[in-house]
Amino acid sequence: NAGVMQNPRHLVRRRGQEARLRCSPMKGHSHVYWYRQLPEEGLKFMVYLQKENIIDESGMPKERFSAEFPKEGPSILRIQQVVRGDSAAYFCASSLLGRTGGRGSEKLFFGSGTQLSVL
Amino acid sequence: AQSVTQPDIHITVSEGASLELRCNYSYGATPYLFWYVQSPGQGLQLLLKYFSGDTLVQGIKGFEAEFKRSQSSFNLRKPSVHWSDAAEYFCAVVTSGTYKYIFGTGTRLKVLA
Numbered sequence: 001n002a003g004v005m006q007n008p009r010h011l012v013r014r015r016g017q018e019a020r021l022r023c024s025p026m027k028g029h030s031h032v033y034w035y036r037q038l039p040e041e042g043l044k045f046m047v048y049l050q051k052e053n054i055i056d057e058s059g060m061p062k063e064r065f066s067a068e069f070p071k072e073g074p075s076i077l078r079i080q081q082v083v084r085g086d087s088a089a090y091f092c093a094s095s096l097l098g099r100t101g102g103r104g105s106e107k108l109f110f111g112s113g114t115q116l117s118v119l
Numbered sequence: 001a002q003s004v005t006q007p008d009i010h011i012t013v014s015e016g017a018s019l020e021l022r023c024n025y026s027y028g029a030t031p032y033l034f035w036y037v038q039s040p041g042q043g044l045q046l047l048l049k050y051f052s053g054d055t056l057v058q059g060i061k062g063f064e065a066e067f068k069r070s071q072s073s074f075n076l077r078k079p080s081v082h083w084s085d086a087a088e089y090f091c092a093v094v095t096s097g098t099y100k101y102i103f104g105t106g107t108r109l110k111v112l113a
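If you read the protein sequences in the order shown, they are chains A and B.
The opening position of the first sequence corresponds to residue 1 in the working numbering, with each subsequent residue numbered one higher.
The opening position of the second sequence corresponds to residue 1 in the working numbering, with each subsequent residue numbered one higher.
Keep in mind the hints are simulated off the structure, nothing from the lab.
Ideal Cβ positions, reconstructed from N, Cα and C, are used throughout, including at glycine.
There could be a bad hint or two in this list.
Said to hold, decoys possible - In silico lysine-lysine, DSSO-like type, Cα no more than 30 Å apart, as pairs: (1) A:27 with A:107; (2) A:44 with B:61; (3) B:61 with A:107; (4) A:51 with B:100; (5) A:107 with B:100; (6) A:62 with B:100; (7) A:62 with A:44; (8) A:107 with B:68; (9) B:100 with A:71; (10) A:44 with B:68; (11) B:100 with A:27; (12) A:71 with A:51; (13) A:62 with A:107; (14) A:107 with A:71; (15) A:27 with A:71; (16) B:110 with B:61; (17) B:110 with A:107; (18) B:61 with B:100; (19) A:62 with A:51; (20) A:27 with A:44; (21) B:68 with B:110; (22) A:44 with A:71; (23) A:44 with B:110; (24) B:61 with A:27; (25) A:27 with A:51; (26) B:100 with A:44; (27) B:68 with B:100; (28) A:51 with A:107; (29) A:107 with A:44.
Claimed, not checked - Far from chain B, by Cβ distances over 12 Å, these chain A residues were calculated: (30) 14; (31) 15; (32) 18; (33) 20; (34) 27; (35) 51; (36) 52; (37) 61; (38) 63; (39) 64; (40) 66.
Construct all of the structure, not just a fragment, from the sequences and the given hints.
What follows is the structure, encoded as structure tokens:
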């Protein structure tokens, strides 16, 4: 039973290039979340997606960043025209349900992350 | 605004010693609280969670945490640390019915042989 799969593990880009980060959720999960971890900081929520829908992108930078979760295939986080400040670890998580339940059964399962380095 | 504070950035303990990692949260109602561990090059693994009920929560790998409402704290403890526990530990909070986890900045644990 594979967990949340992210690739690539490491991605190096030069300033101005595009970065594409992929995330395959756990089998049966239709809720995907992206978090960003900047150096010396905790993880920060970026976006929450369901299949073919962006539910909440309140944590996404207004420009250059976009995310999708198509009907088929992995979720993609795309960063256009990368800058050095985009260097970070990007984590994807998935869940069975989209809302924390009263029984406390809901939780997020995290991938191993993609370390983006911008030269 | 909701927030999570982990006051200790780095902690060093000797193998076999006891461990306590601090976590304080700011939220008006009872939140859902989590501790995650991140080993080098790995994703986050859930150690334990608190939703309601008994305020002392048992987790995996011998960890436990105690929810203290009066102190707005959810400290992680382990009676005897193993070298393999060296990792970074994150406390997180989420409010009922939402999905936006709020993470602390993490505590990096070093274990001396």
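Consistency of the hints with the structure:
no.	hint	verdict
1	A:27 with A:107	holds (15 Å)
2	A:44 with B:61	holds (26 Å)
3	B:61 with A:107	holds (18 Å)
4	A:51 with B:100	holds (18 Å)
5	A:107 with B:100	holds (11 Å)
6	A:62 with B:100	holds (18 Å)
7	A:62 with A:44	holds (15 Å)
8	A:107 with B:68	holds (22 Å)
9	B:100 with A:71	holds (23 Å)
10	A:44 with B:68	holds (25 Å)
11	B:100 with A:27	holds (21 Å)
12	A:71 with A:51	holds (6 Å)
13	A:62 with A:107	holds (28 Å)
14	A:107 with A:71	holds (23 Å)
15	A:27 with A:71	holds (14 Å)
16	B:110 with B:61	holds (16 Å)
17	B:110 with A:107	holds (27 Å)
18	B:61 with B:100	holds (26 Å)
19	A:62 with A:51	holds (22 Å)
20	A:27 with A:44	holds (24 Å)
21	B:68 with B:110	holds (26 Å)
22	A:44 with A:71	holds (26 Å)
23	A:44 with B:110	holds (24 Å)
24	B:61 with A:27	holds (25 Å)
25	A:27 with A:51	holds (13 Å)
26	B:100 with A:44	holds (9 Å)
27	B:68 with B:100	holds (22 Å)
28	A:51 with A:107	holds (19 Å)
29	A:107 with A:44	holds (16 Å)
30	14	holds (24 Å)
31	15	holds (26 Å)
32	18	holds (24 Å)
33	20	holds (19 Å)
34	27	holds (16 Å)
35	51	holds (15 Å)
36	52	holds (18 Å)
37	61	holds (16 Å)
38	63	holds (21 Å)
39	64	holds (22 Å)
40	66	holds (19 Å)
The structure is consistent with each of the numbered hints, conforming to all of them.
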